[in-house]
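Heads up: the protein sequence lines correspond to chains A and B, in order. Using my numbering, the first residue of the first sequence is number 1, and each one after it goes up by one. Using my numbering, the first residue of the second sequence is number 1001, and each one after it goes up by one.
Source of the hints: derived by calculation from the structure; they are not laboratory data. The structure displayed is predicted, hence computed values, not measured ones. Even glycine gets a Cβ: it sits at the ideal position worked out from N, Cα and C. Keep in mind that the hints are not guaranteed to be accurate.
Computed cross-link-like contacts, EDC-like style, restricted to lysine to aspartate or glutamate with a CA-CA straight-line distance of at most 20 Å [what the hints assert, rightly or not]:
hint	chain 1	residue 1	chain 2	residue 2
1	A	K126	A	D100
2	A	K42	B	D1346
3	B	K1409	A	E44
4	A	K42	B	D1347
5	A	K106	A	D18
6	A	K49	B	E1024
7	A	K49	B	D1376
8	A	K54	B	D1347
9	B	K1409	A	E29
10	A	K54	B	D1376
11	B	K1399	B	E1024
12	A	K42	B	D1379
13	B	K1405	A	D22
14	A	K126	A	E29
15	A	K54	B	D1379
16	A	K32	B	D1347
Computed spacing ranges between beta-carbons, pair by pair [stated by the list, open to error]:
hint	chain 1	residue 1	chain 2	residue 2	range
17	B	T1023	A	A5	38 to 48 Å
18	A	K42	B	K1155	26 to 36 Å
19	A	E40	B	G1327	23 to 33 Å
20	A	M61	B	E1324	48 to 58 Å
21	B	T1008	A	E44	55 to 65 Å
Which stretches of chain A does chain B cover? Using the computed rule of at least three CB atoms under 8 Å from a CB of chain B, they are [stated by the list, open to error]:
hint	segment
22	4–18
23	69–82
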Amino acid sequence: MTINAIQDEIIEEFELFDNWTDKYAYIVEIGKKLPDLAEEHKTEENIIKGCQSKVWMTARMEGDQAVFDADSDAIIVKGLISLLLRVLSNQTPEEIAKTDLYFMEKIGLAQHLSMTRSNGLAAMVKQIKLYAVAFQAMNA
Amino acid sequence: MEQAVNKTLDIEKIRKDFPILQTEVHGNPLVYLDNAATTQKPQVVLDALNEYYSATNANIHRGIHYLAEKATAQYEETRKAVQSFLNAERPEEIIFTRGTTEAINLVANTFGRQNVGAGDEVIISTMEHHSNIVPWQMLCEEKGATLKVIPITDKGEIIFEEYEALLSEKTKLVAVNYASNTLGTINPVKQIIEKAHAVGAKVLIDGAQATSHLTVDVQALDCDFYTLSAHKMYGPTGVGALYGKYELLDSMPPYQGGGEMIAEVSFEKTTYNVPPFKFEAGTPNIGGVVAFKAAIDYIQAIGRPTIAAYEQQLLDYATPKFAELEGLRLIGQAENKVSVLSFVFDDVHHQDLGIMLDTRGIAIRTGHHCTQPLMDRLDIPGTNRASFAIYNTEEEIDKTVEAIKGTLKMFR
Ligand SMILES: Cc1ncc(COP(=O)(O)O)c(C=O)c1O
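Produce the complete structure using the sequences and hints provided.
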């Protein structure tokens, strides 16, 4: 599936919820389901500095696709990571690098989560794009 | 003086004084429990701001026209109000700043630069806000001086004997808070000051958290410097004050250079104005300072003993209710506390809890509260913090406890 098709799918899923408690309940649920990153990957090197919670991420190439794994010590962030990985992991670096992420905005999360909280995620998106560019350079 | 608190205190009436408390957040009535970060503003303060800009606005001092005189008079009225609020000896001992942070930086850059040298020591405590740590670190680094830190107990109280052991003739300044924003601990500042003076050190009291809760008397405390932030006292943001003993202020070099702080300027030499003007360079936040007086008057009208007793009652009501929540650990269990309740759940991240309470319109603060060294000492990444003010109610506490219960279920 293309990145935008997945974004649209998520937007549609969130249209089913009519209040924030339910949206968050869903995010918490997928957060719990996201597999933990192995402890050996939770290193200082893999950390993405958010404001209040920690996010760790690893990246690798599988065939022509970039694959990301990430984890957080906070569950809601983990749920958001899960959404982000669904959109951006297992895509080609070319697609990732040129992608315009709009689903966070559309489902209202960007507005609901204050900047300090979304900062960690913004930093994560940036990191994913940096990896994508680096992978592209390696393949070139 | 005002012992029978609740007979005279009509909280519903007080709540009506604060327009923001009538609003909703995410479809729920706002429950505002982030008062240690900043308090909400009563209508009288909003009116004073509006009135100032509608009917008074002019630049202060030196103006000869009507509005300039009026603005100056109002600005100086606030100085007198702060003087009397802190029981300072003279209005000239009150310097307006942007807040506690600027007040501390002012002292570090003037008194500190003048009096702290290589090999000297500055003492702070483990439970200081970053704004009472970093300016001293910067000073010590510049001067080759050493920053010493008073250890605390697991309950969150200063270990007094350890403090005494740190004091020596090398100590030039002791800078501690009156009340901790993270733990609520009220520190024994009077005794701290006495001991510091005995070795010839000066003392700065960070009163950011204490001033809206306790009756402060800088003369009885005998502190050399005292700082406060108006926005934590129902007043506007961008306004604060530094109290300093007059002789000390007089002997200190100026802070920033500019207009207002000078006596005479020529390209060869500038002579400085006297305190407090020596330390108030440039056009200050006049409207904010003027409206700050309305906040002080508001506090005075209710009465600080009344406020303290009511907030203590809220804390006493909330503490056991929170403590009953499964897995909750109270952070900060000092004997004497202001109305700050910090807590953690080892299995639920404070950020998750904070976000979920927010969806129900409940505002608490989560994180390290600008006290990272304290978090390190307690070996936690952050806390959840509910802090109460005069307009909070037991009903709001019940609501919060229920909301936390619901949230815990979701995460466990
Ligand atoms: C104990 C303490 N000191 C200093 C400050 C800094 O105050 P301000 O940000 O108003 O300058 C705060 C504010 O959070 C505080 O709680």
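Hints versus structure:
{"no.": "1", "hint": "A:K126 <-> A:D100", "result": "holds, 12 Å"}
{"no.": "2", "hint": "A:K42 <-> B:D1346", "result": "holds, 19 Å"}
{"no.": "3", "hint": "B:K1409 <-> A:E44", "result": "violated, 32 Å"}
{"no.": "4", "hint": "A:K42 <-> B:D1347", "result": "holds, 18 Å"}
{"no.": "5", "hint": "A:K106 <-> A:D18", "result": "holds, 14 Å"}
{"no.": "6", "hint": "A:K49 <-> B:E1024", "result": "violated, 32 Å"}
{"no.": "7", "hint": "A:K49 <-> B:D1376", "result": "holds, 17 Å"}
{"no.": "8", "hint": "A:K54 <-> B:D1347", "result": "holds, 15 Å"}
{"no.": "9", "hint": "B:K1409 <-> A:E29", "result": "holds, 12 Å"}
{"no.": "10", "hint": "A:K54 <-> B:D1376", "result": "holds, 16 Å"}
{"no.": "11", "hint": "B:K1399 <-> B:E1024", "result": "holds, 15 Å"}
{"no.": "12", "hint": "A:K42 <-> B:D1379", "result": "holds, 19 Å"}
{"no.": "13", "hint": "B:K1405 <-> A:D22", "result": "holds, 16 Å"}
{"no.": "14", "hint": "A:K126 <-> A:E29", "result": "violated, 25 Å"}
{"no.": "15", "hint": "A:K54 <-> B:D1379", "result": "holds, 16 Å"}
{"no.": "16", "hint": "A:K32 <-> B:D1347", "result": "holds, 13 Å"}
{"no.": "17", "hint": "B:T1023 <-> A:A5: 38 to 48 Å", "result": "holds, 40 Å"}
{"no.": "18", "hint": "A:K42 <-> B:K1155: 26 to 36 Å", "result": "holds, 32 Å"}
{"no.": "19", "hint": "A:E40 <-> B:G1327: 23 to 33 Å", "result": "holds, 28 Å"}
{"no.": "20", "hint": "A:M61 <-> B:E1324: 48 to 58 Å", "result": "holds, 52 Å"}
{"no.": "21", "hint": "B:T1008 <-> A:E44: 55 to 65 Å", "result": "holds, 57 Å"}
{"no.": "22", "hint": "4–18", "result": "violated (count 0)"}
{"no.": "23", "hint": "69–82", "result": "holds (count 5)"}
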